[in-house]
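Novice: Listed below are the residues making up each chain.
Protein chains: 2
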Amino acid sequence: MALADIISLEKNQTGIDSVVGILKQRFGERLQTSQSLLEQHSHTTTYLPSQLPDAVVFPHSSGEVQEIVKTCAEYKVPIIPFGTGTSLEGGVNAPAGGISVDLQQMDKIIAVNNEDLDCVVQPGVTREALNIHLRDTGLFFPIDPGANASLGGMAATRASGTNAVRYGTMRENVINITAILPDGRLIKTANRAKKSAAGYDMTRLLVGAEGTLGIITELTVKLYGIPEAVSAAVCQFPSVEAACNTTIMAMQSGIPMARIELLDKLAIRACNNYSDLGFEEAPTLFVEFHGSEGGVKEQAELFGDIAKEFGGAEFNWVTATEDRNRLWKARHNAAYAMATLRPGAQMIATDACVPISRLAECVVETMKDAADSQLIAPIVGHVGDGNFHVTPLVDISDPDEIERVEAFIDRLNNRAISMDGTCTGEHGIGQGKRRYLRQEYGDTADLMIAIKKSFDPDNIMNPGKVVSLE
Amino acid sequence: MALADIISLEKNQTGIDSVVGILKQRFGERLQTSQSLLEQHSHTTTYLPSQLPDAVVFPHSSGEVQEIVKTCAEYKVPIIPFGTGTSLEGGVNAPAGGISVDLQQMDKIIAVNNEDLDCVVQPGVTREALNIHLRDTGLFFPIDPGANASLGGMAATRASGTNAVRYGTMRENVINITAILPDGRLIKTANRAKKSAAGYDMTRLLVGAEGTLGIITELTVKLYGIPEAVSAAVCQFPSVEAACNTTIMAMQSGIPMARIELLDKLAIRACNNYSDLGFEEAPTLFVEFHGSEGGVKEQAELFGDIAKEFGGAEFNWVTATEDRNRLWKARHNAAYAMATLRPGAQMIATDACVPISRLAECVVETMKDAADSQLIAPIVGHVGDGNFHVTPLVDISDPDEIERVEAFIDRLNNRAISMDGTCTGEHGIGQGKRRYLRQEYGDTADLMIAIKKSFDPDNIMNPGKVVSLE
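In order, the protein sequence lines correspond to chains A and B. So the first sequence is numbered by our numbering: it starts at 1130 and just counts up by one. So the second sequence is numbered by our numbering: it starts at 1130 and just counts up by one.
Chain A with its partners taken away, still in its complex shape (with noise of 0.2 Å):
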């Protein structure tokens, strides 16, 4: 059943048992097997069932997970890598049990280049924390995922969210990666100059392998500008193929939004309900600008001839900062709003993300799936990257419903597949989109399992996750 379809793999108790016994005498009390935590940290904020792992270690530094790495490698432990436990796709569960390694005491800000813009960092930083911790200096560090997610995670599922539309995703972002490999080696990906063409680029194969190819224990990102002027509006649209046409228009006209996000007439119900934004219900886009003031005004300006154009409302500007915080603050609250729509229901997280050009045609015909699947469906979206969450509320309790939304959520993901798009914008493949991969790639999902085999011939790190070698 494709909702819980994560499979176990055969559990190597002997091995585990030793293990838990070596580490425990190293680490002390920052190791710990209890219930509660175990449970913590296999919870998967979704739709996955948990699969606990062991024992949980605390490590502080780079040294001490080579030492909990070489261990569990001597007895083919399984390693799960925790950032936050903010992942979507059941990241952390321990389909084989083993040890997760809690990264968040690892929370250093190293060193913060200023002239060079850029960071390093531990990798249980979380970006709210480096950002409070930047507040001084002028700049910022813009990914943001909505959650508050630690940056060694989201540099493992390549992390994007609302303004990578500017930015980039943390494929841009990451300038390179101390990781502790499956044996137990520590390697550096690349020094910091902004750019390089010495050898493979080790640092991309790292950010986006979920932790399955070694475990990220420092790494340095991108930081830029707090921009001279932030403005942010929210334009109304008679339907969601005008929006999706408005956002394809100013991508194309290279407006450099910020953020350009859709919330469909369901989602905005959701938002006012929860967050009081007493906006009319109907799709709706919530855009920002950055620059100088001079040209956050013009950008706003092309945007709004543009938006006018596909029968846009007047635009309801935000530019007091508290309004523009409480605009965002709405936007990431979503989900939680989403699930007032159904008390009770579970929410599926989906992550289409297509080509700009179908993304009117991949939204609509979404959409109208999940009315003729009699779906609760409401729909957010990073639509400057073609990105949308299509976010079904389900009674778990009900088979038919279960039926009826596994077989949307299959044609939604080959529609973005069909469409020249990807089954996972930014969330990952995890256990959840494991059976996708092969779909979406075909015979290069071979060349990612030579990869992992590679570096990981035993399957310790992170096993069960993104590529199947089972």
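DSSO-like cross-link-like pairs, simulated, lysine-lysine; straight-line CA separation at most 30 Å: (1) A:LYS1582 to A:LYS1199; (2) A:LYS1582 to B:LYS1199; (3) A:LYS1582 to A:LYS1205; (4) A:LYS1153 to A:LYS1237; (5) A:LYS1426 to B:LYS1426; (6) B:LYS1437 to B:LYS1426; (7) A:LYS1426 to B:LYS1351; (8) A:LYS1351 to B:LYS1437; (9) B:LYS1426 to A:LYS1351; (10) A:LYS1437 to A:LYS1497; (11) A:LYS1437 to A:LYS1458; (12) A:LYS1497 to A:LYS1394; (13) A:LYS1582 to B:LYS1205; (14) B:LYS1351 to A:LYS1437; (15) A:LYS1437 to B:LYS1426; (16) B:LYS1582 to A:LYS1199; (17) B:LYS1437 to A:LYS1426; (18) B:LYS1199 to B:LYS1140; (19) B:LYS1582 to B:LYS1140; (20) B:LYS1351 to B:LYS1458; (21) B:LYS1582 to A:LYS1205; (22) B:LYS1351 to A:LYS1351; (23) A:LYS1582 to B:LYS1582.
To be clear, the hints were calculated from the coordinates, so they are not data collected in a lab.
With chain A's structure known, arrange chain B on it following the hints.
Specialist: Same frame as chain A, now just chain B:
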């Protein structure tokens, strides 16, 4: 001896003879073995001696490349992908002989997707041909390494150039790649979505692999709207340090520089002679701004204020298109111009790239080192990226001078690496810089070797480049 530090690998002559026979039968006149063509296909545009392939074949499609690779794989015969032959580190040399696969006749532009700001091309399309094709669309492809290189070759070497500071390198601008692997499998690394979190980043693994993991037979690259306004300027400084510090401050201020190029006093003298520029012989920045009319003006004013702070002379504005083209043509011809500083001398390309905070220090130390080493070594640099090319002009009949230049280059590469930078910002490792790979990466070089072995166990795909398997 470092200046000719390339190895000859053992040659599988029986296999090569068989393959040449089979491919001759199959490709007829499209397989050539004339000495002059073989020489042209191993011409390295630099100090490295040529190592000739045994034949050159001109395929027209992915399918034909696949046939060639399968035949070579069967007989374990080396394959050397060839674009336009403008690589600077011996990328097209054939140290074990084999078949040069010339992709220049695969020059079709398959699709221009205006709405998605991308296009799909065969690898032999050159950047100039693409931009001519795009002329009426309002779009352009920005990456510009100087030479009119092929897009396949540019992807393979992770090329960049003068406006990477604004638009990124090939790393950021390739969306997907179709490639033939060393065993003859055809793979596609991704679909056309702007972002994806689906599995390992195979696109970025092939970008910069210099044809050692597969031959690129098709690729999708990003396009950009031609800016409404473009403005260039020339600003001269009392010292290289002042020019570098202006660059650092401009980047830190977040001015979206489209180009910021340093030419030292010697390089200016050369360009004055060669391109009749008439500038004062002083360290100089060539800069360019892209944006709206208002935006460009604003950027230029901000930049002007910074330059003045560091003692920059008055701006020479270059607004007319033909004057701007003349300026950048002079910059592109800097290599030819520099050659005239010492007729008959061999130019040795270098490619250090450091975090921008170390740029002034690295350039100044390098200039002092060149003077102490009694070398004529003009400097040009993509300084917004911390990348500069110091180019010694060497009398290669003078063993003492060769010894001095070798030691100088070794110190330069180590200096860049020790300043958290790289020995190659954009030229690649090729043959010429293989020994620096481990210096720069330590054990990470072993990972690259493991990947190479997993893709290409018989070492037939561009052997003797990037990684050292021998």
